[in-house]
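Based on the sequences and whatever the hints tell you, model everything.
Here is how the chains run, residue by residue.
2 protein chains.
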Amino acid sequence: MNAADVAGFFAEWGALNPEDYLSLDYYLECSGDPRQAAAHFCSEQSTAQWRRQGVDEDLRPRFAAKVVDLQVEATLSRFTYPVDCPAAGPVHACRLRIAHPHGNFGPRLPNLLSAICGEGTFFSPGIPLVKLLDIHFPATYLAHFEGPRFGVAGLRERLGVYDRPLFFGVIKPNLGLPPEAFAEVGYQGWLGGLDIAKDDEMLADMAWCPLAERSALLGAARRRAEAETGQGKIYLANITDEVDRLCDLHDLAVSRGANAVLVNAMPVGLSAVRMLRRHAQVPLIAHFPLTAALSRLPHFGIHSRVLTRLQRLAGFDAIIMPGFGPRMMTSAAEVLDNVRACLEPLGPIKPSLPVPGGSDWAGTLEEVHRLIGGVDFGFVPGRGVFAHPLGPAAGARSIRQAWEAIAHGIPLARQALDHPELAAAIAAFGPLPATGPASAGEAS
Amino acid sequence: MNAADVAGFFAEWGALNPEDYLSLDYYLECSGDPRQAAAHFCSEQSTAQWRRQGVDEDLRPRFAAKVVDLQVEATLSRFTYPVDCPAAGPVHACRLRIAHPHGNFGPRLPNLLSAICGEGTFFSPGIPLVKLLDIHFPATYLAHFEGPRFGVAGLRERLGVYDRPLFFGVIKPNLGLPPEAFAEVGYQGWLGGLDIAKDDEMLADMAWCPLAERSALLGAARRRAEAETGQGKIYLANITDEVDRLCDLHDLAVSRGANAVLVNAMPVGLSAVRMLRRHAQVPLIAHFPLTAALSRLPHFGIHSRVLTRLQRLAGFDAIIMPGFGPRMMTSAAEVLDNVRACLEPLGPIKPSLPVPGGSDWAGTLEEVHRLIGGVDFGFVPGRGVFAHPLGPAAGARSIRQAWEAIAHGIPLARQALDHPELAAAIAAFGPLPATGPASAGEAS
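Chains C and G, in that order, are what the protein sequence lines are. Residues in the first sequence are numbered from 0 upward in steps of one, following numbering that gives the first Met the number 0. Residues in the second sequence are numbered from 0 upward in steps of one, following numbering that gives the first Met the number 0.
In case anyone wonders, no lab produced these hints; they're calculated from the structure. One or more of the hints may lead you astray.
What the hints assert, rightly or not - Cβ pair distances, simulated, as ranges:
1. G/E212 / C/R61: 14 to 22 Å
2. G/P81 / C/R339: 19 to 27 Å
3. C/Y161 / G/E212: 47 to 55 Å
4. C/S76 / G/L75: 14 to 22 Å
5. C/V54 / G/D417: 24 to 32 Å
6. G/A6 / C/H135: 50 to 58 Å
7. G/S76 / C/D417: 44 to 52 Å
8. G/P432 / C/E56: 26 to 34 Å
9. G/E212 / C/E56: 18 to 26 Å
10. G/R61 / C/E212: 43 to 51 Å
11. G/R223 / C/W207: 53 to 61 Å
12. G/A6 / C/E403: 35 to 43 Å
Note that the Cβ used here is the ideal one computed from N, Cα and C, for glycine as well.
Listed below in C-alpha cells is the structure:
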C-alpha cells in the first residue's frame with residue numbers, strides 16, 4: 000500500500016457515525032511499519048480489494064474497517080511466541096482500536112465471528128500474533144438480538160432466592176451412572192441445599208443414561224425435594240448434541256421434568272444457541288469447553304470476555320466460566336472481566352448470571368464472594384458436594400453453612416466447630432484458603 | 000491420586016477393543032510427575048469421579064479415557080509460553096496417546112469436541128499447555144457419519160474436469176459491489192477459465208447485495224459462460240448465516256442459480272454443517288475463519304489437521320485452508336498434513352478436495368502442484384485473478400496458461416513469452432518464485 004492507500008484505512012472516531020460501527024480492540028505484534036500493518040489489518044478484515052480493475056471507485060468510505068487508535072506499546076527483538084513467520088527487523092507490540100462497519104455483515108453471529116476473528120484478523124501480512132481483546136456494540140446493533148429470556152432476575156424468581164449466590168452442583172460421578180442412581184445423587188444434593196443440580200458438560204443422551212429417563216427421574220426427584228424443603232429447585236439437563244436435535248431435546252427434557260438446559264456453547268456454536276433461545280421455554284445455561292483453546296495465552300487468540308459477551312448476546316441466562324484459583328489457570332482479573340461482561344449494561348440485553356467454577360468447595364466460597372463483591376453469581380462445586388465424605392446432602396449442607404457464616408461475618412473455622420458437614424469438608428478438601436478477610440481474621 | 004488410582008487410567012492398546020475407542024494424540028507440558036499428570040488428564044476428560052461416595056464401584060474400565068503411550072520428549076526449565084499457572088519444579092514436554100471410549104458420548108460432533116478438547120483437556124492439573132495433535136476413528140464410529148455427498152470425484156463429474164486441479168477464484172472487490180457488477184466480474188473470471196467463481200467468506204446476505212439477486216445474476220452469468228466456453232462452471236454462493244437460516248438460504252441460492260454453497264465452518268459450527276449436509280443438494284465448501292486462532296501455535300491449541308478431519312466428517316466436499324508460502328504463516332508440512340487429512344482413506348467417508356489458498360496467482364501454482372504431488376486440489380486466487388491489470392478474464396487466463404506450462408514441462412518464464420496474460424501477471428504480481436524444478440531450470 001502507498002501512503003494514500005494507508006490513509007484510507009484511518010479515521011477519527013468522532014468523524015464516524017458511532018451507530019454504524021463496532022468498536023474492536025486488538026493486541027498485535029507486527030514486523031515492519033505499524034501504521035502500514037494496521038492498514039493492512041483493516042483491509043484484510045473488510046475490503047481487501049476496494050476497487051475493480053479499470054474502474055475509478057473507492058469502496059472504503061462505507062465498507063472499510065478503520066483504525067481509530069494505534070499505540071505502539073513496546074519494541075521487541077522477536078515475536079513473543081515463535082511462529083512460522085519471519086520477522087523483518089524489530090517487532091512492534093501494538094494496541095489497536097478499530098471501527099468496523101457492521102453493515103458489512105449484519106446482526107448475525109457467524110458472520111460477526113468471520114469478520115472480527117476470521118481470515119483477515121489472523122492472516123494479515125506481518126502480523127502472526129494477534130489477540131482480539133474486546134468488542135463493543137452500538138445500540139442499533141444490539142437491538143437485533145434477543146439476549147437472555149430470563150436473565151439474573153428471572154433465574155432468581157424461578158427459585159425464589161434474592162439475597163445470596165445461587166448454588167449449583169455438578170452431579171458426580173459425572174459419567175457412567177444409570178438414571179436411577181444419578182437421580183438419587185442429585186436428590187441428595189437438593190435436600191442438602193443445592194438450588195440447581197446439573198448434568199456434567201460431558202454427559203450426553205446415551206443408552207446407558209437416556210435423557211428422557213434421566214429427566215423424568217430427576218424431575219420427580221426435584222419435585223420431591225421442593226416439597227420436602229419448601230424451596231424452588233432446578234434440574235439442569237445437558238442437551239448438548241447435534242444442532243438439529245437441540246430443540247427436540249429441549250422439548251423432551253422439559254416435558255419430562257428438567258426446568259433448565261445446559262449447552263456447551265462453542266462446541267455447539269453460538270448461532271445454534273441463538274436458534275435454541277428463540278425456541279426455549281426454560282433458562283439456558285452455558286458451559287465452556289473449547290474456550291480456553293482460544294483464550295488462554297495472553298498474546299494470541301480471543302480474550303474470554305469477548306466470548307462471554309457473545310454468549311450473553313446469543314441468549315444464555317447463566318454462563319459457567321473458568322473461575323478463581325490456580326486450578327483454573329485464569330487470573331482473577333480475567334475472571335472478573337468475564338463477571339462484568341455478564342452483568343454490566345448492554346443496551347436492551349438482560350444480564351446473564353456469571354458462574355465461575357472449577358474445583359470449588361465450601362472453603363472457596365468466601366474468596367469468590369469477596370472477589371466478585373456481590374451476590375449475583377452462581378457457585379458450582381462438583382466433588383466439593385458429591386465427593387463429600389458424609390455424602391452429597393452433607394456436601395451441599397457444607398456449602399450453605401459456609402454461606403451462612405459469610406453472610407453473618409463468622410469465620411469459617413469457627414462456623415465449623417458446630418457444623419459437622421462444614422468441618423468434614425474442611426478435613427477432606429482443606430485447608431481453608433489463607434486469603435479473604437474472615438479467614439485472615441481467624442488465622443490471626 | 001495414589002498409585003492404584005493412576006494405574007486405573009493406563010492400559011495396553013492391544014488389550015482394548017479398538018472399535019470402542021478413539022485414538023487421540025496430544026502434546027502437553029506438565030509440572031510434576033508425568034505419569035500422574037497423564038492420569039489426571041484422562042480422568043478430567045472422562046470419569047472425573049469414578050465412584051459414588053460410600054459405594055464400592057469403579058466406573059473406569061468402561062468409561063475412563065486411558066493412556067496407551069506416554070513419552071517424555073524433553074525437560075524444560077519453564078513452560079514454553081508464559082501462562083497463569085505456577086510450575087512446581089521442572090517442566091516435562093510429553094507426547095501422549097489416549098484411548099478415549101466414544102461410548103461416553105456417541106457419534107455427535109459437539110459432544111466429541113467437548114470430550115477431546117473441552118474442559119478436561121485444557122484444565123487438567125499442572126498442564127497449562129496442551130495441543131490436540133491428531134485423532135483417529137474406528138470404523139464403527141465412522142459408520143455413523145455421512146461425510147461428503149459428492150467428494151472429489153463428484154465435484155470433478157459436475158465440472159467434467161478429471162486431469163488437473165480445479166480453479167477457484169474469489170470474486171473481488173469482495174465487499175461492496177452491487178449484484179450486477181459482482182456478476183459481471185464473476186462472468187469474466189469464468190470466461191477466462193475459472194471453474195468455480197466464489198463469494199468471499201465475508202460476503203453475507205445483505206441489502207446492498209442480496210443473496211437472492213446475487214444468485215440469480217451469477218447463475219445466469221454462469222450458464223452463459225458454460226454455453227460460451229462449452230465447459231461446466233460453478234457459482235459458489237456464501238450462505239454463512241445464522242444456523243436456522245442455513246437450509247433456507249441453501250434452497251434460495253440453489254433455486255436462483257448457485258450450484259455449490261460456501262459455509263464458514265467454525266463460525267457456523269461443525270454440527271450445523273452436518274445438519275446442512277443432510278439437506279443440501281449441491282456441494283458444500285468450507286472456509287477457514289477462526290481455525291488459526293486454535294491452531295497457529297506449535298505448543299498449544301488444536302492442530303489444524305484435526306479440524307480438517309472433522310470438517311470432512313461433517314460433510315464438506317471441499318475444504319479451503321491456509322496454503323503454502325510465508326503469507327499464510329503455515330509450514331508446508333502442516334499444509335500437507337491437511338491435504339492428506341482430506342484425501343487419505345477414512346472408512347466409508349469420501350475424500351474432500353483440499354483447497355490450500357492465500358495470495359495465490361499464476362506464479363504460485365507450480366510450487367503448490369509440486370508440493371502436493373498430484374492434481375487433486377483446488378487453487379483459489381483472489382486478487383491474482385480479479386486485480387490482474389488486464390482484467391478478470393485475463394487473470395483467469397494467466398492461471399490456465401500457467402497450468403498448461405506446468406502440464407507440459409514448460410518453464411513459466413518461457414510460457415510468458417507468447418502468453419501476454421501470464422506475462423502481465425508476472426509483471427504485476429511477480430517475480431516468479433525461485434523454488435520448484437521448472438523455475439529452477441529456467442533460472443539456471
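We went through each hint and held it up to the structure:
G/E212 and C/R61 have their C-beta atoms about 19 Å apart, which keeps the hinted 14 to 22 Å range intact. For the pair G/P81 and C/R339, the beta carbons lie near 25 Å from each other, so the given range of 19 to 27 Å is met. A hinted range of 47 to 55 Å holds for the C-beta pair C/Y161 and G/E212, which are about 53 Å apart. Between C/S76 and G/L75 the CB atoms are about 21 Å apart, so this pair conforms to the stated range of 14 to 22 Å.
Taken as a hint, the range 24 to 32 Å holds for the pair C/V54 and G/D417, whose Cβ atoms sit roughly 29 Å apart. Checked against the hint of 50 to 58 Å, the C-beta distance between G/A6 and C/H135 comes to roughly 52 Å, which is consistent with it. Checked against the hint of 44 to 52 Å, the pair G/S76 and C/D417 passes, with Cβ atoms roughly 49 Å apart. Our hint of 26 to 34 Å for G/P432 and C/E56 holds, since their Cβ atoms are close to 32 Å apart.
For G/E212 and C/E56, the Cβ-Cβ distance of about 20 Å falls inside the hinted range of 18 to 26 Å, so the restraint holds. Distance hint check: the CB atoms of G/R61 and C/E212 are about 19 Å apart, inconsistent with the given range 43 to 51 Å. At about 58 Å, the CB distance of G/R223 to C/W207 agrees with the hint of 53 to 61 Å. For the hinted restraint 35 to 43 Å between G/A6 and C/E403, the CB-CB distance of approximately 41 Å keeps it satisfied.
Violated hints amount to a single one, hint 10; each of the other numbered hints is respected by the structure.
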